[in-house]
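Protein chains: 2
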Amino acid sequence: MKEMDNIFSDRIADVPRSFIREILKVTIDPEIISFAGGLPNRDLFPVEEIKAATNKIISMHGRDVFQYSTSEGYAKLREYIAERYNREKNINVSSEDILITSGSQQGLDLLGKIMINDGESIIIEEPGYLGAIQAFSIYKPKFLPVPVSDEGMDIEKLRLIMSSEKPKLMYTVPNFSNPSGVSYSEKNRHEIAKILQKTNTFLIEDDPYGDLRFAGKNKTSFKKLFPENTILLGSFSKIIVPGFRIGWVCAPQHVMKKLIIAKQATDLHTSHFTQSIIYQYLKDNDIDEHIMKIKQVYGKQCEAMLESIRQYFPDNVKYTKPEGGMFLWVQLPGNLSSLKLFDLAVKDKVIFVPGDPFYINKKNTNTLRLNFSCVDEATIRIGIERLGKAIRELINIKK
Amino acid sequence: MKEMDNIFSDRIADVPRSFIREILKVTIDPEIISFAGGLPNRDLFPVEEIKAATNKIISMHGRDVFQYSTSEGYAKLREYIAERYNREKNINVSSEDILITSGSQQGLDLLGKIMINDGESIIIEEPGYLGAIQAFSIYKPKFLPVPVSDEGMDIEKLRLIMSSEKPKLMYTVPNFSNPSGVSYSEKNRHEIAKILQKTNTFLIEDDPYGDLRFAGKNKTSFKKLFPENTILLGSFSKIIVPGFRIGWVCAPQHVMKKLIIAKQATDLHTSHFTQSIIYQYLKDNDIDEHIMKIKQVYGKQCEAMLESIRQYFPDNVKYTKPEGGMFLWVQLPGNLSSLKLFDLAVKDKVIFVPGDPFYINKKNTNTLRLNFSCVDEATIRIGIERLGKAIRELINIKK
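Chains as they are written, first to last, in this note's numbering: chain P, 154 to 552; chain L, 154 to 552.
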């Protein structure tokens, strides 16, 4: 028998496994209402349009779409993305600043790869995106969590950290964050920009949900506020389909050079076939009209969830009021454990994601994530009623 | 102005850029005959069959193929791959042992990620695949090159290294290697297996070309010889199309567990859409018949290249005689530099890849790689004649 203990790298030992994966095993029971998912609503996928785009590119480009391609990505798609930033967000970038990645998750891996040495520090919003924690953990950083509330990041805490540490990166999802649903206010963004502006810290603005605003006003992108220090991540997963795995990184040129080397070493390039389909779809369809449809559905589902929470949850339960995206964040009163709530809720046939995996170093938190993009309004009401009942049970047990 | 020197990780500093990428910029001139590529022949892509498979899966599975999916990959495709190994190579594996990756390049990145700590050693065949050197370089190993010749690895050198080092990994392309075109003999494989068997070293058997044997007899897979220490990499890039970026890793269960965690952190999963198309294509078509077609074309092209080399190259030029794959390896007499040959050859409108990037620590080598998969027989003859002329010019300059 061989010694097994030292065959793996140190870096893989620390990566948290996805709690959500484990949870999804429970959801096989079709009677369970799941607010645990993180998926876009499949009913809104533009299937016929994608089918048409697919057949068109095979007819038009033939064999070319099936061959190896460039690490940077499909030139026309990169141009489209850059132009859209210029047009929609007044962000001045060119196609040279765009790298196509295999989902924006890969953007996180590539940034960790080119930036983080063992033990170097990285600021992360808390609660923060689990996938980012996983991606960066591989490169063994020291995580410096900064709490987010309804207004955005805790500025005092950020200032304190920046006065003693020199973080390589700062990770944020400023629009309708996963998991919290929070959006950073305009003021908060300007304060953050002011603090980071004269440092060497790169801000990662991960923005998969930014287009899905169903209430309130658009906020200024960090890429607009201080372009030279901001790396902007985007994705077609939430506005077209996730199955193609097409995202992108928008970064300054000296960062882009390293990213392309890393991309090439990691998987040569992202599928040219799916990139071509996405581009053809964008060319032949009105993406803004399609996004409007998604926003209407998600907006109504979010509203149904908020209404039901007001009706069925005890008054001392706190929750965020998202203006977009797919998630809402709940805080139970006192030190009630959301893990314990999960056990009760499963019995009542409703599930969610307990907050723990979204923190760097907290266990048994009183928070949880609810997804509203995948459940219709009527089912949301039933699920939230069940969850309200489970919360009251938990409160009564504690008494 | 900010200090720019320390914003990147140490690991990205050492990754060699692809020489081949730089070379490809030269090939824009349509009159240049290129033996520099590493691409499969696009004329052999089964375009109509893929189109049919694509439309079928959209009709059959609808929205499902566009949704997020599992990190392990599409269950039916994993089953197909495992069954084919059992049937064709008598390798006893199950679908649980297969992870679908974004090309087999990603398999290399994931293995580096989960295995290599800074400075740990890894054996690599030399000349070796540039993509593997790039992928592993990210994780800062100490490379221990072992020369390959017509028979395979230099066994004495391998034994010497294994007596003093404890390498985590050993990287080989035992069938029709890129760049050398060499296949390890049956005897060489057994000797390697005997040396590695009782160690903790994992052998990576990278096998993208194994199915493309157009001469000689199939050899035994390392995965058959010592399964518990062998990690087998495969790909559909050379037998169907590369543009889908679908490869796989076949690994023992304790390695697989770590690979799945790394895969999830790296890009969540490979496109479910392209995985489904590949599976449907495999189900509806005779892949062995298709592979036979590829082998006939590549076999003839290789033969044309060998014939032309005999006719046009000086007698003291050495070269491999591939029994499959896409590449042939040339050694110039004495210390003639293939980089200098490249400059002469470009003027004669023929290009190749000089050997340097396939070595760990050698410069100005007298070797070069020729690709025969992408050029038709008549053009091969013209190109090799031009190259022979350039070699004679170089010899005359040196005199």
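It is worth saying that the hints were derived from the structure and are not from the lab.
Warning: the hint list may mix true and false statements.
Since the list gives no way to pick out one identical chain from another, each pair is judged satisfied if it fits inside one copy or across any two copies.
Unchecked claim - Derived EDC-like pairs: lysine to aspartate or glutamate, alpha-carbon spacing no greater than 16 Å straight-line: (1) K410 - D163; (2) K448 - E344; (3) K493 - D468; (4) K552 - E232; (5) K410 - D167; (6) K204 - D217; (7) K551 - E273.
Going down the list of hints, with the structure as the test:
{"no.": "1", "hint": "K410 - D163", "result": "between (28 Å within a copy, 15 Å between copies)"}
{"no.": "2", "hint": "K448 - E344", "result": "neither (29 Å within a copy, 63 Å between copies)"}
{"no.": "3", "hint": "K493 - D468", "result": "neither (20 Å within a copy, 79 Å between copies)"}
{"no.": "4", "hint": "K552 - E232", "result": "neither (60 Å within a copy, 52 Å between copies)"}
{"no.": "5", "hint": "K410 - D167", "result": "between (29 Å within a copy, 14 Å between copies)"}
{"no.": "6", "hint": "K204 - D217", "result": "between (18 Å within a copy, 14 Å between copies)"}
{"no.": "7", "hint": "K551 - E273", "result": "neither (42 Å within a copy, 52 Å between copies)"}
Going through the hint list in order, the structure does not satisfy hints 2, 3, 4, 7.
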